[in-house]
Amino acid sequence: MLMLIMRHELLLVLITVILLVVEIFLPADRKQKIILPSIILFGAVMILGFIPGPTGSLFGGMYITTPLTLLMKNILTIGVFIVFLQSVDWLKKAENREKISEYYILLISTLIGMEYMLSSGDFLMFYIGLELATIPLAALAAFERFKEKSAEAGVKLIFTSALSSGILLYGLSMIYGTVGTLYFDEVVNGINGAPLQILAFIFFFAGMAFKISIVPFHLWTADVYEGAPINITSYLSVISKGAAVMVFTILLYTVFSKITIMWKDVIYITAILTMTIGNLFAMRQQNLKRFLAFSSIAQAGFIFLGIVGQSQLGMTTVIYFVLVYIFSNLGAFGVVSVISNRTGKETINDYDGLYRTNPMLSLTMMLALFSLAGIPPVAGFFGKFFLFAAAAQQGLYILVLIAVLNTIVSLYYYLLVVKAMFLNRSDRPIAYFKSDGYSRLGFAICIAGLIIIGLYSPVYEFINQFTFGIY
Amino acid sequence: MNILLLLIIIPILTIIGILFSRDNKHVRVISAIGMTFQLIVSAIIIIWYLAERNAGNTAEILFASNYVWYETLNIHFFIGVDGVSVAMIGLTSIVIFAGIFASWEITDLPREFFISLILLSGGVFGFFISLDLFTMFLFYEIAVIPMYLLIGIWGSGPRQYSAMKLTLMLMGGSALILVGLLGLYFNSNPSGGPLTFDILEIAKVQIPMSAQLFFFPFLFIGFGVLGALFPFHTWSPDGHASAPTAVSMLHAGVLMKLGGYGCYRVAVFLLPDAAHELAWIFIILTAIGVIYGALGAIWQKDLKYINAYSSVSHCALVLFAILMFNETAMNGAIMQMISHGIMTALFFALIGMIYGRTHTRYINEMSGLMKVMPFLAVAYVIGGLASLGLPGFSGFVAEMTIFVGAFQHPDIFHRVATIIAASSIVATAVYILRVIGMMLYGKITNPEYEQITDAKWYERLSTGTLIFGITAIGIAPLWLSNMITAGLGPVIHKLLLSMN
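Protein sequences, first through last, are from chains P and Y. So that you can map any letter, position 150 of the first sequence is 150 in our numbering, and since no number is skipped, the others follow by simple counting. So that you can map any letter, position 77 of the second sequence is 77 in our numbering, and since no number is skipped, the others follow by simple counting.
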């Protein structure tokens with residue numbers, strides 16, 4: 001029965017084992033057959049995740065399951081499910097066919113890593129989870145190894161994440177050195193703002209900032225995002241980032257709660273830098289993958305406004321915003337992915353006149369972008385509003401002002417895409433095509449999410465009931 | 001069910017109807033039916049409201065319904081109306097009704113056009129009936145964003161530039177509003193109880209002076225951007241000139257009033273002490289805006305630019321009147337919003353119709369139109385006379401009330417500002433009469449104009465509705481004025497309290 005505490009991870013491990021075994025017995029020309037069963041299996045795990053089960057800790061407190069971690073895992077699983085749906089079309093391409101089960105195994109492995117990270121009760125487990133979440137991603141980024149850019153992306157990702165992990169680990173070892181333990185519960189009491197601990201925190205922060213791509217640790221993002229296959233990019237920018245943000249917030253609120261006064265300013269300044277620089281670079285992008293990469297950097301800056309709120313409102317809103325962000329960004333990436341698979345076109349100019357040929361795709365894209373920009377009635381509006389409220393609660397009105405001005409800048413470049421799709425005319429627009437059923441299901445989930453999460457307040461209340469006592 | 005909910009439900013149903021319609025003709029008919037219902041519901045609300053008041057119901061807000069939305073943050077969906085918002089609802093439904101008929105000939109993507117237009121109007125209705133700042137802000141943004149597509153797709157001239165400029169400036173305004181709203185929220189309960197976005201609750205609270213001084217500019221400028229507060233009005237001429245007819249009508253007629261209404265209902269009502277303290281800055285700005293808009297209109301040759309600048313002038317007058325903080329001037333401000341809303345919608349509708357026939361908007365290229373299209377020409381003259389404040393039309397009532405109210409302040413500063421603002425009437429007369437003289441009278445210089453036909457039935461219906469509105473207010477202003485005065489009570493009361 002104890003194993004039920006770890007049911008999320010165990011089920012996922014089970015899937016990967018099944019996939020590995022099936023892979024051995026599948027003849028090369030029938031590898032495609034594995035797609036549907038994997039998605040169904042994963043969907044089953046996603047649904048099972050919502051069934052309430054026991055909570056508690058394992059391995060002497062290294063692994064902890066609380067209702068909150070379950071909730072965060074469920075959110076990530078939904079996101080991964082959408083990514084799976086969106087990648088079917090791409091996997092069916094001739095050059096990827098023989099690697100289909102590898103794709104699933106690698107992707108699920110990173111998810112397992114993130115779930116361990118979310119559930120960690122000490123820094124060791126946290127670090128193992130983080131590594132497990134990162135290393136398969138580098139393999140995935142280089143998935144289209146015959147493309148130079150994809151291979152380059154893989155190498156860049158592995159180097160930067162190795163560096164950031166090293167820095168992070170250095171920070172963790174300093175914490176161990178000053179406190180003498182790695183367990184979160186005990187570290188909290190040991191942290192008193194000693195100079196070495198502050199240094200440790202800075203190293204820890206830098207390591208995490210790499211993962212979340214916070215300015216000035218964001219330089220790898222655009223290249224990797226552009227080079228990696230689109231579905232991996234969307235996974236990196238949504239799931240990977242979302243998991244890192246949630247863990248980071250919880251650690252700041254719990255482990256580092258004694259030195260709030262120290263990290264508050266760090267978050268404050270990096271939030272401003274991240275929003276502004278992300279936005280300024282996004283404005284000039286033509287390639288939609290790079291465009292969304294910089295936009296996701298800017299979004300991370302907005303999330304920091306919630307973190308700086310240091311309250312239950314902040315915690316709830318960060319998780320809520322990650323949920324909203326999953327649906328918005330995956331919606332946008334889904335459209336880019338479908339169009340890129342069918343036509344190979346990836347720049348904003350290629351989208352000229354898209355609405356007149358592909359109205360549904362354009363509408364999905366518009367809703368997703370409006371959600372990212374924070375325009376009602378889609379969910380992004382609520383997410384942004386609550387993030388700003390969390391910061392305003394601390395009286396940081398100047399920060400809020402800078403953030404809302406940044407949303408206007410972001411609105412400008414999101415509107416550039418809307419302009420291309422709706423306003424511009426083109427002699428040779430992207431011709432009409434019918435996207436595959438999996439993608440359409442993915443879009444349907446994204447749009448439903450965008451509309452429901454905002455207007456239907458119980459979603460927020462549901463998250464809120466689990467965040468009590470975190471701060 | 002609360003009758004006010006119908007104002008939001010009808011647009012939604014209409015949009016769903018349009019989605020399922022087959023062709024262009026169905027789209028128009030469904031939109032027209034939907035907005036006719038909207039007009040009828042608004043009329044019922046006005047009559048019902050008056051009946052309740054006559055029956056002695058003195059509640060501050062009528063038809064109130066309060067539903068909890070986000071419980072943890074104490075966000076409610078709180079709707080209700082007082083005299084002022086009822087008047088604004090009436091204005092909106094008249095303008096959108098006329099707007100549907102004015103855009104009868106849209107052929108490019110008609111479905112999308114009418115959906116955006118009706119979505120916009122739904123946002124405006126939602127804004128006017130909201131009494132919770134969160135929902136108010138939500139509806140405000142819903143009303144602004146369709147404008148981008150409406151101008152960008154169906155506009156003329158530098159439409160993409162204008163659409164982007166307008167959207168970004170208005171959203172910039174809403175960014176300031178957002179900061180102000182959060183400021184109100186976190187100061188809404190100084191004693192430490194639950195925070196609230198409820199306007200009526202916040203009005204009962206004495207917000208600390210330092211917070212008021214900090215947040216008042218955010219709210220007043222934020223809403224002022226939409227209300228064409230000088231120097232944040234620059235989106236208005238470009239936006240109006242590029243927008244298609246119905247959008248100009250709705251935008252100048254209704255959307256700019258959101259700004260005035262927001263300044264009145266949120267900025268001045270909820271932060272009265274700061275309003276008194278800082279009013280002088282904004283009085284100067286609005287007085288400049290009034291005279292600047294009028295002078296700007298004189299210099300223009302393009303009909304839409306003339307009218308856009310005249311809108312800047314008239315809307316600045318609304319804000320000017322709100323800042324006078326007395327009952328007469330505020331009454332005039334609301335009257336001016338209604339009057340200008342209908343009048344300017346009439347102008348833009350007529351300009352669209354004239355442009356559709358002459359294919360030019362430059363007044364020096366047109367002449368003698370009175371001979372070929374008497375109906376439209378006479379309608380234009382009526383609109384013009386109302387605009388320059390001829391007694392018998394709504395413009396006179398509104399401006400008269402404003403200047404009488406403004407002149408009640410005995411000090412030199414207010415007197416001078418009032419005189420400057422009042423002198424815009426002369427400028428208004430100049431540009432209105434110049435347009436009428438050049439465009440409508442004289443000989444027909446362009447032989448092609450001989451072939452022009454007069455208004456079609458839907459154009460007559462559109463303009464007729466608006467002319468009816470102008471004259472009805474002009475001839476019998478008392479019922480409207482009484483309705484508004486009753487609504488002003490709490491605001492004036494709060495302002496007087498803060499003065500002492």
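Hints are computed from structural coordinates only; laboratory data are not their basis. Every residue gets a Cβ at the ideal spot worked out from N, C-alpha and C, and that includes glycine. Hints should not be assumed to be uniformly reliable.
Distance ranges between label pairs, derived from CB positions [claimed, not checked]:
| no. | chain 1 | residue 1 | chain 2 | residue 2 | range |
| --- | --- | --- | --- | --- | --- |
| 1 | Y | 191 | P | 465 | 50 to 58 Å |
| 2 | Y | 206 | P | 465 | 51 to 59 Å |
| 3 | Y | 493 | P | 468 | 49 to 57 Å |
| 4 | P | 54 | Y | 191 | 54 to 62 Å |
| 5 | Y | 213 | P | 195 | 51 to 59 Å |
| 6 | P | 395 | Y | 57 | 21 to 29 Å |
| 7 | P | 32 | Y | 5 | 49 to 57 Å |
| 8 | Y | 371 | P | 286 | 53 to 61 Å |
| 9 | P | 468 | Y | 190 | 19 to 27 Å |
| 10 | P | 465 | Y | 58 | 36 to 44 Å |
| 11 | Y | 206 | P | 52 | 34 to 42 Å |
| 12 | Y | 489 | P | 395 | 32 to 40 Å |
| 13 | Y | 65 | P | 195 | 56 to 64 Å |
Calculated cross-link-like contacts (lysine-lysine; reagent style DSS-like; alpha-carbon spacing at most 30 Å) [said to hold, decoys possible]:
| no. | chain 1 | residue 1 | chain 2 | residue 2 |
| --- | --- | --- | --- | --- |
| 14 | P | 99 | P | 147 |
| 15 | P | 345 | P | 258 |
| 16 | P | 33 | P | 258 |
| 17 | Y | 165 | P | 345 |
| 18 | P | 92 | P | 156 |
| 19 | P | 93 | P | 147 |
| 20 | P | 156 | P | 258 |
| 21 | P | 434 | Y | 456 |
| 22 | Y | 443 | Y | 25 |
| 23 | Y | 456 | P | 419 |
| 24 | P | 156 | P | 434 |
| 25 | Y | 25 | P | 156 |
According to the in silico footprint, chain Y covers these stretches of chain P (three or more CB under 8 Å from chain Y) [unchecked claim]:
| no. | stretch |
| --- | --- |
| 26 | 57-65 |
| 27 | 425-439 |
| 28 | 455-462 |
Going through the hints against the structure:
The hinted window of 50 to 58 Å between residue 191 of chain Y and residue 465 of chain P is violated, with their beta carbons roughly 27 Å apart. Between residue 206 of chain Y and residue 465 of chain P the C-beta distance comes to about 34 Å, which lies outside the given range of 51 to 59 Å. The hint said 49 to 57 Å for the Cβ distance between residue 493 of chain Y and residue 468 of chain P, and at roughly 41 Å that hint is violated. Distance hint check: the CB atoms of residue 54 of chain P and residue 191 of chain Y are about 43 Å apart, inconsistent with the given range 54 to 62 Å.
Under the hint 51 to 59 Å, the C-beta atoms of residue 213 of chain Y and residue 195 of chain P, about 41 Å apart, miss the expected range. For the pair residue 395 of chain P and residue 57 of chain Y, the beta carbons lie near 42 Å from each other, so the given range of 21 to 29 Å is not met. Range check, residue 32 of chain P to residue 5 of chain Y: about 52 Å between beta-carbon atoms, so the 49 to 57 Å window is met. Range check, residue 371 of chain Y to residue 286 of chain P: about 55 Å between beta-carbon atoms, so the 53 to 61 Å window is met.
For residue 468 of chain P paired with residue 190 of chain Y, a C-beta distance near 25 Å keeps the hint of 19 to 27 Å intact. For residue 465 of chain P and residue 58 of chain Y, the hinted distance range of 36 to 44 Å is satisfied, since their beta carbons lie about 42 Å from each other. About 47 Å separates the C-beta atoms of residue 206 of chain Y and residue 52 of chain P, a value inconsistent with the hinted range of 34 to 42 Å. At about 34 Å, the CB distance of residue 489 of chain Y to residue 395 of chain P agrees with the hint of 32 to 40 Å.
Between residue 65 of chain Y and residue 195 of chain P the CB atoms are about 59 Å apart, so this pair conforms to the stated range of 56 to 64 Å. Our distance criterion of 30 Å between C-alpha atoms is met by residue 99 of chain P and residue 147 of chain P, whose separation comes to about 15 Å. For a cut-off of 30 Å, the pair hint linking residue 345 of chain P to residue 258 of chain P is broken: about 51 Å separates their Cα positions. Only pairs whose Cα atoms come within 30 Å are accepted, and residue 33 of chain P paired with residue 258 of chain P is rejected, the gap being roughly 53 Å.
Between residue 165 of chain Y and residue 345 of chain P the CA atoms are separated by roughly 29 Å; this keeps the pair inside 30 Å, and the hint holds. As the CA atoms of residue 92 of chain P and residue 156 of chain P are separated by approximately 27 Å, the hinted pair is consistent with the 30 Å bound. This hinted pair checks out: residue 93 of chain P and residue 147 of chain P have alpha carbons roughly 14 Å apart, not beyond 30 Å. This hinted pair does not check out: residue 156 of chain P and residue 258 of chain P have alpha carbons roughly 36 Å apart, beyond 30 Å.
With a C-alpha separation of about 43 Å, the suggested pair residue 434 of chain P and residue 456 of chain Y falls outside the 30 Å cut-off, and the hint is violated. Distance restraint check for residue 443 of chain Y and residue 25 of chain Y: the Cα-Cα separation of roughly 38 Å exceeds the 30 Å cut-off, and the hinted pair is therefore not satisfied. Distance restraint check for residue 456 of chain Y and residue 419 of chain P: the Cα-Cα separation of roughly 34 Å exceeds the 30 Å cut-off, and the hinted pair is therefore not satisfied. Restraint check for residue 156 of chain P and residue 434 of chain P: not satisfied, since their Cα atoms lie roughly 35 Å apart, outside the 30 Å limit.
Under the criterion of a C-alpha separation no larger than 30 Å, the hint pairing residue 25 of chain Y with residue 156 of chain P is inconsistent with the structure, at around 57 Å. Here's how the stretch 57-65 of chain P fares: 0 of its residues keep a CB closer than 8 Å to some CB of chain Y, so the rule of at least three is not met and the hint is violated. Taking a C-beta to C-beta cut-off of 8 Å, the stretch 425-439 of chain P contributes 0 residues in contact with chain Y, too few for the three needed, and the coverage statement is violated. For the stretch 455-462 of chain P, the proposed coverage by chain Y is satisfied: 3 residues have a C-beta within less than 8 Å of a C-beta in that chain, meeting the threshold of three.
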